[in-house]
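Visitor: As given, the protein sequences belong to chains A and B, one line each in that order. With the numbering used here applied, the first sequence corresponds to residues 2 to 701, in that order. With the numbering used here applied, the second sequence corresponds to residues -9 to 91, in that order.
Some hints could be false.
[Unchecked claim] Here are the simulated lysine to any residue pairs, SDA-like style, with alpha carbons at most 20 angstroms apart: (1) B:Lys85 / A:Thr667; (2) B:Lys85 / A:Tyr673; (3) B:Lys85 / A:Ala674; (4) B:Lys85 / B:Ala61; (5) B:Lys85 / A:Arg665; (6) B:Lys85 / B:Leu74; (7) B:Lys85 / A:Gln671; (8) B:Lys85 / A:Ala388; (9) A:Lys402 / A:Ile421.
[What the hints assert, rightly or not] Here's a subset of chain A near chain B, in silico, CB distances under 10 angstroms, partners left out: (10) Gln666; (11) Thr667; (12) Gly668; (13) Arg669; (14) Val670; (15) Gln671; (16) Tyr673; (17) Ala674; (18) Ala675; (19) Val678.
[What the hints assert, rightly or not] Computed spacing ranges between beta-carbons, pair by pair: (20) A:Leu679 / B:His78: 23 to 29 angstroms; (21) B:Glu27 / A:Leu698: 36 to 42 angstroms; (22) B:Tyr43 / A:Val670: 33 to 39 angstroms; (23) B:Ile0 / A:Gln666: 33 to 39 angstroms; (24) A:Leu698 / B:Gly45: 33 to 39 angstroms.
If you are wondering where the hints come from, they were derived from the structure by calculation, not from laboratory data. Yeah, the Cβ is synthetic: ideal placement off N, Cα and C, and Gly gets one too.
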Amino acid sequence: MFEYAWLIIVLPLLGFLISGLLGRYLGRHVGWVAVGTIGAAFGIALFLLVQVLQGGAIGAQPGPIPATAAGFEWVPNVRFDLLIDNLSAFMLALVSLLSTLIALYSIGYMAEEEGKPRYFAEICLFVAGMLGTVSADNFLQLLVFWEIMGLCSYLLIGFWYHKPEAASAAKKAFLVTRIGDVLFLFGVVAIYIVFGSMKFTDIQAGIAAKIGTPTFDVRMMTVIPLLLFGGAVGKSAQFPLHLWLPDAMEGPTPVSALIHAATMVKAGVYLVARSFIFLVPVDPATGLVIPGAVPWNAILVIGVIGGFTAFFAATMAVANYDIKRVLAFSTISQLAYMFLGLAAGAWLMASAGPEETGGYSAALFHLTNHAFFKALLFLAAGSVIHAVHTNDMREMGGLRKHMPITALTMLLGCLALSGIPPFSGFWSKDEILGVTFAMGATQSLFYALYALGILTAFLTAFYTFRLWFLTFSGTFRGHHEEHLHESPGVMTGPLAFLAVFTIGSGLFAFLVPGGWSNLIFYHVPLAESPLAGFTRMPDVALAGLSVAVALGGLGLAFLVYYRRTIPAERFTRGPAGARIDRLLLNRYGMDAAYNKLAQYGVMGVAGAVDWFDRHVIDGAVNGAARAVVTLGNLSDRFDRTVIDGAVNAFSLSTVRSSLTLRQRQTGRVQNYAAVVVLGLSLVILVVFIWRFVLPALGVK
Amino acid sequence: MIIPVAWELILSALLFIIGLYGVLVRTNAIVVLMSVEIMFNAPILNLVAFSAYLGNPAGQVFALVAIALAAGEAAVGLAIFLVLYESHGTVDLSKARLLRW
Chain A
2 MFEYAWLIIV
12 LPLLGFLISG
22 LLGRYLGRHV
32 GWVAVGTIGA
42 AFGIALFLLV
52 QVLQGGAIGA
62 QPGPIPATAA
72 GFEWVPNVRF
82 DLLIDNLSAF
92 MLALVSLLST
102 LIALYSIGYM
112 AEEEGKPRYF
122 AEICLFVAGM
132 LGTVSADNFL
142 QLLVFWEIMG
152 LCSYLLIGFW
162 YHKPEAASAA
172 KKAFLVTRIG
182 DVLFLFGVVA
192 IYIVFGSMKF
202 TDIQAGIAAK
212 IGTPTFDVRM
222 MTVIPLLLFG
232 GAVGKSAQFP
242 LHLWLPDAME
252 GPTPVSALIH
262 AATMVKAGVY
272 LVARSFIFLV
282 PVDPATGLVI
292 PGAVPWNAIL
302 VIGVIGGFTA
312 FFAATMAVAN
322 YDIKRVLAFS
332 TISQLAYMFL
342 GLAAGAWLMA
352 SAGPEETGGY
362 SAALFHLTNH
372 AFFKALLFLA
382 AGSVIHAVHT
392 NDMREMGGLR
402 KHMPITALTM
412 LLGCLALSGI
422 PPFSGFWSKD
432 EILGVTFAMG
442 ATQSLFYALY
452 ALGILTAFLT
462 AFYTFRLWFL
472 TFSGTFRGHH
482 EEHLHESPGV
492 MTGPLAFLAV
502 FTIGSGLFAF
512 LVPGGWSNLI
522 FYHVPLAESP
532 LAGFTRMPDV
542 ALAGLSVAVA
552 LGGLGLAFLV
562 YYRRTIPAER
572 FTRGPAGARI
582 DRLLLNRYGM
592 DAAYNKLAQY
602 GVMGVAGAVD
612 WFDRHVIDGA
622 VNGAARAVVT
632 LGNLSDRFDR
642 TVIDGAVNAF
652 SLSTVRSSLT
662 LRQRQTGRVQ
672 NYAAVVVLGL
682 SLVILVVFIW
692 RFVLPALGVK
Chain B
-9 MIIPVAWELI
1 LSALLFIIGL
11 YGVLVRTNAI
21 VVLMSVEIMF
31 NAPILNLVAF
41 SAYLGNPAGQ
51 VFALVAIALA
61 AGEAAVGLAI
71 FLVLYESHGT
81 VDLSKARLLR
91 W
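Model the full structure from these sequences, guided by the hints.
Guide: Okay, structure coming up:
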């Protein structure tokens, strides 16, 4: 009944074809093709979401959810179907909404750029890839669309491919995410080997059926989610594969907003949310967690990577002066929060039963809120860059009076990112931290992760307002102040729209009956036992602590960068401070370390392979070639001397004999007559001897 | 008095050989043609001889036909020699050697 959902993917694909093939005939209007097709996809996705929610989550009677929108059989045994459940319907609507807004913004931002058809075609293809990823029915289909996104990310980071930094950033993004993608691919293969199917529903049933049987190795339950998480680490730029995201800021700013903040990097979070079928294996028949199958260690690995990356990335954001890179580090840090929330949520669900969706829903709630406010921040940063033509915050300042709409909307985004109530970031971040703290009671490692999360909250508030104060307050430090201007309506319109969501999306959780968690849960929502989860007000003590910490960070930024009562130089003046500053600016030397690894490790291996190739393979090939040449020479000599000799000798003798014989043709008629007479005489003589002489002599 | 048929055959053979000699040896085309006529007469004599010997007149009829044919042959031959004389200015067969290597 949901077959029309295919339109949601096909429409952006159509936009890709139109703007890619016919774009140059459309001129300046090519952007509207993208906006139109993606916007139409959003309309359908919204309709789908309403239908899905009426079928169980908020409707009276449980409907046919999860359902499948039948597609086609790709290869035998592997079908391309769309999975329609609460989670995918919600993600479809979210992604298409943000994509529409950012495509609209791009029309203004890219107005004076060359290559608009290429840009909008790639945006459309990316959106189709992302929509396909979040609606995939099985892991292979997910991987296919996942790779389409990766390709588009590469193409769009390298949009200004004539700039060497952009070209190398694109390559870096592609190669670093590739490490994760290979792990993901291994995970998919392992799933197929163990379960014989890659469909989510088959896997859920397969775990319940196989657990406890002797052929099923229960360690696979730890290996598979970790391999899938490897893909998520690459795509969502988590430690240690976080290197590519800051460099990806070489792409156009709308691309950074769409791909590297709002959607593609969220695909990793989505993948981990989907792999909850491994992290919290539930028996579909009884609806209970299968105790022996829960991969506790895999959950902890996800939590530790999340907690560490959150703090690690936030520290690097503190020292950076590139407005987009600060936001990129912040994106890494916020994504890590989501992984922490998912890990805590999985722990909670596995220990307390599948209806305890607190952490899971908090992580996806944070995903939603972050998508809105980080898209807003990037688009506002793009608006600033559009005006001042630089990314360096040291050449900005005092822009508030020139760009009031941008300044105000970015302030709202900053408040949301810092986690100041009642802006959206507060609700979801606080819920993640709350669940993490609660899980500390059973696994004390979560207390440490909670502490990292609180430290991150402080750093987040500090670097966010450092960014805002450096950009918008004080006096202008760049050149050509007279050229500063507010951006056009197609750019400020999406900003204002997103700002509304930044304030409002936190209230979703309270507006939706049955709780936020019902809205995005991957299981069948049960009408008779409503899912517990994000239905209550946050714990006052914990919430108070995180608000206090956030306000502390904000206050420090205010004192350092607005009032300047504490000069920023004080932190970097001492030897230890200077060293930390340098360490943070160099991103802990990890980029250099990876380069060295590539230089010595990869080049060393390549050198060895090269040597092997030159000496062994080439040697064998050359030897074979030489043998063939020798054989050919022998054959040639045989041909020339024996075969040609015979032929030549024959023809020579023919010529010589004919030279002799032709002299018998005298031309004298009487010679011919004599030969005739002689021949006839011989015939007569022979006949005479044969018929008469021989019988007379008695010879038979 | 009946002449024995063997004598007539011997005469015929002599005529044939004399003619053959003339054909092979003499270079004057006219003489060669005359020799051919001599050779022709040998089988005609044979026809007549066997006709008398067997008492069958058909042989004499054939002889008359053959004589008529020989006259035609002589005419054709003389015509060829006239053309030869036109082109070469001679009827010497040893001079007419165009069909040579």
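Visitor: Each hint: holds or not?
Guide: So, going through the hints one by one against the coordinates:
no.	hint	in the structure
1	B:Lys85 / A:Thr667	holds, 12 angstroms
2	B:Lys85 / A:Tyr673	holds, 15 angstroms
3	B:Lys85 / A:Ala674	holds, 16 angstroms
4	B:Lys85 / B:Ala61	violated, 27 angstroms
5	B:Lys85 / A:Arg665	holds, 17 angstroms
6	B:Lys85 / B:Leu74	holds, 11 angstroms
7	B:Lys85 / A:Gln671	holds, 12 angstroms
8	B:Lys85 / A:Ala388	violated, 117 angstroms
9	A:Lys402 / A:Ile421	violated, 25 angstroms
10	Gln666	holds, 5 angstroms
11	Thr667	holds, 6 angstroms
12	Gly668	holds, 3 angstroms
13	Arg669	holds, 6 angstroms
14	Val670	holds, 6 angstroms
15	Gln671	holds, 6 angstroms
16	Tyr673	holds, 9 angstroms
17	Ala674	holds, 6 angstroms
18	Ala675	holds, 5 angstroms
19	Val678	holds, 7 angstroms
20	A:Leu679 / B:His78: 23 to 29 angstroms	holds, 28 angstroms
21	B:Glu27 / A:Leu698: 36 to 42 angstroms	holds, 40 angstroms
22	B:Tyr43 / A:Val670: 33 to 39 angstroms	holds, 37 angstroms
23	B:Ile0 / A:Gln666: 33 to 39 angstroms	holds, 38 angstroms
24	A:Leu698 / B:Gly45: 33 to 39 angstroms	holds, 37 angstroms
Violated hints for the displayed structure, listed by number in ascending order: 4, 8, 9.
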